[in-house]
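There are 2 protein chains.
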Amino acid sequence: MDTNQWFVETYNGSALMIRVKNTLFDHRGIQHIQIFETESFGKMLVLDGKVQLTERDETFYHEMLVHVPLFTIDNPEKILVIGGGDGGTVREILKHNPSEVLMIEIDRDVVDACRKYIGVDRGSLDDERVTVLFEDGIEFVRNSNERFDAVIVDGTDPNPVSKSLIEEEFYKSCSRITKKIFSTQSQSPFAQGDYLREMLSNIKDAFPHVSIYINFVPTYPSGLWSYIIASNSDIKVDMDVLVKRWEERQINTVHYNPEIHYASFMLPQWLKESVKEILH
Amino acid sequence: MDTNQWFVETYNGSALMIRVKNTLFDHRGIQHIQIFETESFGKMLVLDGKVQLTERDETFYHEMLVHVPLFTIDNPEKILVIGGGDGGTVREILKHNPSEVLMIEIDRDVVDACRKYIGVDRGSLDDERVTVLFEDGIEFVRNSNERFDAVIVDGTDPNPVSKSLIEEEFYKSCSRITKKIFSTQSQSPFAQGDYLREMLSNIKDAFPHVSIYINFVPTYPSGLWSYIIASNSDIKVDMDVLVKRWEERQINTVHYNPEIHYASFMLPQWLKESVKEILH
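Going line by line, the protein sequences match chains A and B.
Residue numbers are given in the working numbering: position 62 of the first sequence equals residue 62, and the series is strictly consecutive.
Residue numbers are given in the working numbering: position 247 of the second sequence equals residue 247, and the series is strictly consecutive.
If you are wondering where the hints come from, they were derived from the structure by calculation, not from laboratory data.
Here the structure is a predicted model, which is why all the values come from computation and not from measurement.
A pair counts as met if it fits within one copy or between any two copies, since identical chains are not told apart.
Mimicking BS3-like on lysine-lysine, the simulated pairs with C-alpha atoms at most 27 Å apart in a straight line are:
| no. | residue 1 | residue 2 |
| --- | --- | --- |
| 1 | 272 | 236 |
| 2 | 95 | 116 |
| 3 | 21 | 50 |
| 4 | 204 | 78 |
| 5 | 276 | 244 |
| 6 | 204 | 272 |
Generate coordinates for the entire structure from the input sequences, incorporating the hints supplied.
Now the structure itself:
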């Protein structure tokens with residue numbers, strides 16, 4: 001792609017265009033990886049034609065994916081990340097001062113390209129508490145006998161690489177190795193509602209306690225994004241507990257705060273209706 | 001525009017594209033009015049190149065613009081709407097069973113075209129409690145000696161027609177004729193933050209009590225939209241009062257519910273920071 005071209009991601013009769021100044025990286029391996037310098041969103045990572053992050057709004061996504069589950073629990077010590085190749089998820093996890101973070105990413109090229117051209121991880125993948133293994137996350141959880149305080153799935157859209165990440169068998173394995181909390185991104189409820197409902201239904205079969213929360217991420221389809229949080233014990237958390245943990249942990253954020261955490265579980269009427277049969 | 005073309009609205013190095021099946025109306029008068037049949041968003045109204053509504057998500061906008069202020073107050077009897085030519089705002093207001101609704105719209109062509117080609121008002125502009133005057137809203141509020149329980153501004157992006165709708169003098173006139181509550185749409189905090197701050201600052205000079213609330217509208221720039229609510233008395237409302245009014249008024253909605261009302265006042269950290277000097 002030449003200078004001053006538009007990157008276009010289409011979905012469902014609509015499309016998001018982002019003006020691109022130049023291409024920093026373009027490589028076809030396990031996935032088609034592209035990294036662009038954009039006009040007003042900073043650097044942008046695209047996998048198989050889909051925006052994974054831009055520097056301008058990646059914090060909106062990563063902070064909500066990580067801080068909502070980790071502020072829901074006491075003492076997040078040992079954390080597992082499935083996916084998360086750009087390193088933004090591990091970067092946010094380290095703010096909670098865990099003792100151990102294990103990241104399982106299938107595509108080494110994504111990690112290498114992001115570290116070289118974007119640096120979203122801000123060095124966190126070099127942290128001594130962090131281990132990165134380049135292998136299949138589904139195989140890993142199937143065979144693992146370890147247990148983790150939190151298991152966080154930071155996967156891409158369903159495609160040949162990530163498809164099994166939304167199947168029931170995967171979530172049952174996750175449930176077995178989750179000590180306190182599980183969370184995953186679950187696509188746009190507005191643009192990809194069928195996908196959200198399929199994930200929700202499969203997660204509901206694997207965990208007794210399940211909730212959806214939502215947040216605004218402008219460069220993802222429709223701008224509304226969803227996440228599913230689940231646990232083998234109750235996941236409700238009071239606002240005063242959130243505020244107490246927020247003050248204790250002294251975390252700097254761009255987007256997340258306890259109010260947004262609380263608000264993100266309040267769903268519009270159409271979304272409540274579309275998931276109520278699955279959740280009840 | 002021919003069949004299977006894309007409508008494109010650009011903002012700030014990005015753009016939203018919506019696939020269009022055909023053009024139902026195209027007319028240049030006070031504003032350039034276009035009405036399209038789209039592939040997956042139903043009919044769409046565009047003014048001066050900017051999406052004003054699509055059938056698929058107009059409820060997200062109209063319900064939040066109207067129900068947040070009207071559920072904040074007791075007995076909304078007499079309501080003033082400035083703008084709102086498509087009729088969606090009046091349609092939502094009538095659900096609160098007011099005694100009188102006055103709508104002041106400068107561009108008669110918008111009202112006529114929307115009634116003929118979209119029908120978003122669902123007949124509400126013919127309701128006997130509703131009066132529509134085709135005149136300048138700024139002149140109207142400047143000269144009015146009436147007082148209204150609620151004043152709701154449903155204006156377009158700032159342009160030669162609507163520019164004065166964001167000036168301090170207009171808000172001071174609104175304050176004088178507002179008995180209980182004032183609200184206005186205030187553009188995207190993500191894509192048009194300067195505009196939001198200018199409005200907020202001018203409204204703060206006209207009303208002692210001012211708050212921002214936000215909501216998701218996928219076909220507006222960035223997908224995140226803001227509204228400003230203001231009053232000469234306190235505007236805080238408890239969740240139990242909202243739920244009580246919600247049950248009493250028996251209103252059917254697509255998007256709004258008391259939880260979303262409450263959640264819409266919770267702002268992400270970057271937005272809180274960007275307005276805190278104006279609000280405090």
